[in-house]
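Undergrad: The primary structure of each chain is shown beneath.
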Amino acid sequence: MSAVAENFDMHGTTQSIMASFRFRKWRNIAVPFGILGYLVYVFFAFDLAGLAARARPENAAILLGDFWSYKTHVTRDNRSGEVVASIEGERKGTYPQGQWPEWVSAGSDTEISLYGGATVHFIGENNALIDVPDFGEIATEVQGRSVALTLPEGKDIPEWMSVSRNRVSIDQGDWRFSTTPARTEVFRYQPGWELFFFTLESPFYGKSFGELVALALWEPRVSPESSNFVAMVEGFWTNKMWRHGDVAWAMGETVLMAFIGTMGAGMIALPLAFIAASNFAPAVWMRLTCRRLFDFLRGVDGLIWTVILSRAFGPGPMTGALAILLTDTGTFGKTFSEALENIDTKQVDGLQSTGANMIQRMRFGVIPQVLPLILSQLLYYFESNTRSATVIGALVGGGIGLLLTQAIITQKDWEEVCYYMILVVLTVMLMDTLSGLIRKKFIKG
Amino acid sequence: MTAQTAPSAADYIELVRRRRLYGTILVVLFFVLFASGFSVAETRNAGGFLDGLHRIFDFPKEIFSEAFSNWRNLPSRFFAAVPALIETLNIAAISTFFGGLIGMVLAFLSTRGLALWPRLTPVFRRIMDTMRAVPEIVIALVLIYLLGGGPVPAMIAIAFHTAGALGKLFSEAAENVDLKPVEGLSSVGGNWFQRIWFGVLPQVAPNWSSYALLRFEINIRASAILGFVGAGGLGSDLKTALQWGQGKYDQVVAIFAILFLTIMIVDHLSDRARRRLVQGGTL
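Chains A and B are the protein sequences, given in the same order. Mapping to our numbering: the first sequence position 41 is 41, numbers consecutive. Mapping to our numbering: the second sequence position 94 is 1094, numbers consecutive.
Hints are supplied without guarantee of correctness; some may be wrong.
Unchecked claim - Capping the alpha-carbon separation at 25 Å, the derived lysine to any residue pairs in SDA-like fashion look like this:
(1) A:K441 - B:T1024
(2) A:K440 - B:R1020
(3) B:K1248 - B:D1267
(4) A:K440 - B:L1261
(5) A:K412 - A:G173
(6) A:K440 - B:E1175
(7) A:K412 - B:V1134
(8) A:K155 - A:G136
(9) A:K334 - B:Q1279
(10) A:K346 - A:S278
(11) A:K441 - B:V1027
(12) A:K412 - A:D77
(13) A:K92 - A:K155
(14) B:K1061 - A:A312
(15) A:K92 - A:S208
(16) B:K1248 - A:A312
(17) A:K334 - A:Q406
No lab work stands behind these hints: they were computed from the structure.
The following block holds chain B by itself, in its conformation from the complex:
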């Protein structure tokens, strides 16, 4: 055995120096990329950054000053927005529900060790990737063309995306399950469905519910945005109010407020629920 030359202090310093150099180059490169990207985006924008910066608060000021001068209208406007809010929430809930169901099936079909047809797991994974990658707005707009406006196109669009997104998270969680119950069930002759239902689902239920809750939060935002392109709910009302412009700003403020409040409340509730789910097991 030939004695290897021990790494000397000089080697170490050399290594650190080289690493630092690479780090610096990367950071400089990143900032150059960022700055040039920003300037490209700015030149292709209608208004410049510095021109617009002092105008950011003009619009909020305008709508708030009008809304406050008509403050008497606000409570009634607020309540008038409630049906639209319920529609937005319904879209989010139903699309989370159906998306979650489809995601469950996809997750089981694409998880190694649990899949019904193990050969096909890559196929189902690609399907989920594609479902996640298609932006909701595209599906919604196409469906509005086919089905007319209303909540259904938004629901299908969000559910489609949700199925892909939840399917991936579900399958990641299912990959880590303890396979002993599954083996036990198959040793007593349980079929695939029974193995999944009694062996896997109880293990993944807390994690999966927590993911689904998080998705519900995201879907509320998505359904508000889709309303903006004609799919019903708060977004459509907001769009009509904004197009009307002055004179309806109190309605704009009411919708902003109700959307903000809902998101905050749901955020808070689902945060707490998820914390309990992950720690305590059940809701």
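Chain A extracted, bound-state conformation:
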């Protein structure tokens, strides 16, 4: 006790503690200020003030609306007087001759019932009558190259209407009307993803779930060639609007890219890791070469590899897989060689004492020690590469990434974007769960 007390420098200790307090006090003020200063700098560097000017909130409305709803177009060609109904105005979603949505009654005139009791009548080739409750009847007539408008007596043009010489349009939120000399159109918005399961020409379109089950299990065949269940699966798979078959292929391609990239990288990196590990390296120069190679592969970013490889192999999933393979070879090489350096040498010594040769020592002394780590690394990267493969697919043009970027670039198929996103998220989460399960059950690394 006394020895400690004699050597205890009270003054010095106090001073060093006080110094450390002063340092902390200074740091506690300086760090938040530093961060604040950086944030202010970034605020100006990113031009956040100008962001408001560049933002297009109307696009957000389109996007959000599209995510959960679809619109049906009822269009009259004002020259021929022909009326056509189609979903999203696409050819693939056009109602066949004689088939109409239940809110359209086609006769000599076409009557379209909309929300809140509003109706639109297409009369003849040129006239339309729009009945808006609480406002009255609006009549439009196409006269050559202009459009004439008659409002109910004593009313002005309301703010939900826009009128010019050759165009009248009405926007009521959940439905819209527009007429030009060429065509008269009604858009009706409805929630959901229409035609997700079956397209209009399919015999199963519009059936409830119960009806479908009944059809699949005991009802007579709709078409003589195949059973109802097979026909349903086929109808779903070849759905022209949503192309489930192609989407599934693309998703599979993305997973495949991740699989080939990760596993190929593992196979290449393992032997190289032996050369790069200090306790196995045959020669120092070989070890250093391997290390630099790993650094180089990792340092040259996936982006650069993608650019270079697309030039050589063209767009497609293999190019993406090779880009993943190259980057991950670098990563695996580093982690594997570090694992090899940290093994317990006693096992190897023991094997050597029984006269085992080099390969046997590796196989029975080294591999069992590093295998759990290697496998769990491979699984982990396989899972995280599934997501990267989506991004790389968008760059090299393969897999679900390609479909996603294409759908985004059209700027109108947002429901498809939503569908693909959900698919990607589900796949990644599934892989996450599976790899976690495998790691926990079999590897325990």
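On the provided structure of chain A, position chain B as indicated by the hints.
TA: Using the frame of chain A, we list chain B on its own:
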């Protein structure tokens, strides 16, 4: 007690043989899967593997030969790329910062024993899983549609992903904290925030900073890639230079070089910093 039959040598050999058989079957299955997968990928690719293999170096050779013939331009091209590099780094830093902050909150809300509302931990975990699973490029492209091009969409996209990824790592680290300080604080009446701030944060700070640094590295790469789809920074410059093609290859080389160097330097620095963090406690 009936004597159990002792396992004989024959049983043991049988076991080993069976295990080896399973192992072999698994390995064979794996290689079959790999080979067939590769051939599928190859047939769906524009160019074949062997056709392209000897052409891998054609493009680098082309750009490097042009760049070297104009080597006088290189230093100026290199410096011209610096503002774009700074933008890329800024995107990475800010998105790591905000992603880390959100990740912190999510981690506390989803860690057993620390959560503010213990019933809701599974909900927050699922939220983080979803955030991690959405690829950055999708969020970035959608935001570019809404907000116009520039660094902000990239920043939000990366921050969103980072929050999910760091949240998971943070919560794993927080699960292993010593709960004694927390109990001590609650015994003197500390509220949830005080318990976290004084009891947990000091314990997890080194680990968390190390994860955040690692994420910063990853985010530099991500922000370069997002630039390629129109989100500013080095990636956009690289894309314009590549689309221009011949005549701008010196710029391509300069951008490749600056990106490579940055990644190497940051890698190295953060490696050292992380090693110190984990061993020594503070930066």
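Undergrad: Each hint needs a verdict: does it hold in this structure or not?
TA: Hints and how they fare:
1. A:K441 - B:T1024: Holds. K441 of chain A to T1024 of chain B sits at ~20 Å (cutoff 25 Å).
2. A:K440 - B:R1020: holds, 22 Å
3. B:K1248 - B:D1267: At roughly 29 Å apart (the allowed maximum being 25 Å), D1267 of chain B and K1248 of chain B break the hint.
4. A:K440 - B:L1261: Violated, at roughly 39 Å.
5. A:K412 - A:G173: holds, 18 Å
6. A:K440 - B:E1175: holds, 17 Å
7. A:K412 - B:V1134: holds, 20 Å
8. A:K155 - A:G136: Between K155 of chain A and G136 of chain A the Cα gap is close to 9 Å, so the pair holds against 25 Å.
9. A:K334 - B:Q1279: The hint holds at about 20 Å.
10. A:K346 - A:S278: This hinted pair holds, its Cα atoms lying about 17 Å apart.
11. A:K441 - B:V1027: Holds. K441 of chain A to V1027 of chain B sits at ~19 Å (cutoff 25 Å).
12. A:K412 - A:D77: Measuring from Cα to Cα gives roughly 23 Å; hence the hint holds.
13. A:K92 - A:K155: Since the Cα atoms of K92 of chain A and K155 of chain A sit roughly 41 Å apart, the hinted pair is violated (cutoff 25 Å).
14. B:K1061 - A:A312: Judged against 25 Å, a Cα distance of about 12 Å means the pair holds.
15. A:K92 - A:S208: The given pair, whose Cα atoms are some 22 Å apart, holds under the 25 Å limit.
16. B:K1248 - A:A312: With a Cα-Cα distance of about 19 Å, the restraint between K1248 of chain B and A312 of chain A holds, given a limit of 25 Å.
17. A:K334 - A:Q406: Given pair K334 of chain A, Q406 of chain A is violated - Cα atoms ~37 Å apart, limit 25 Å.
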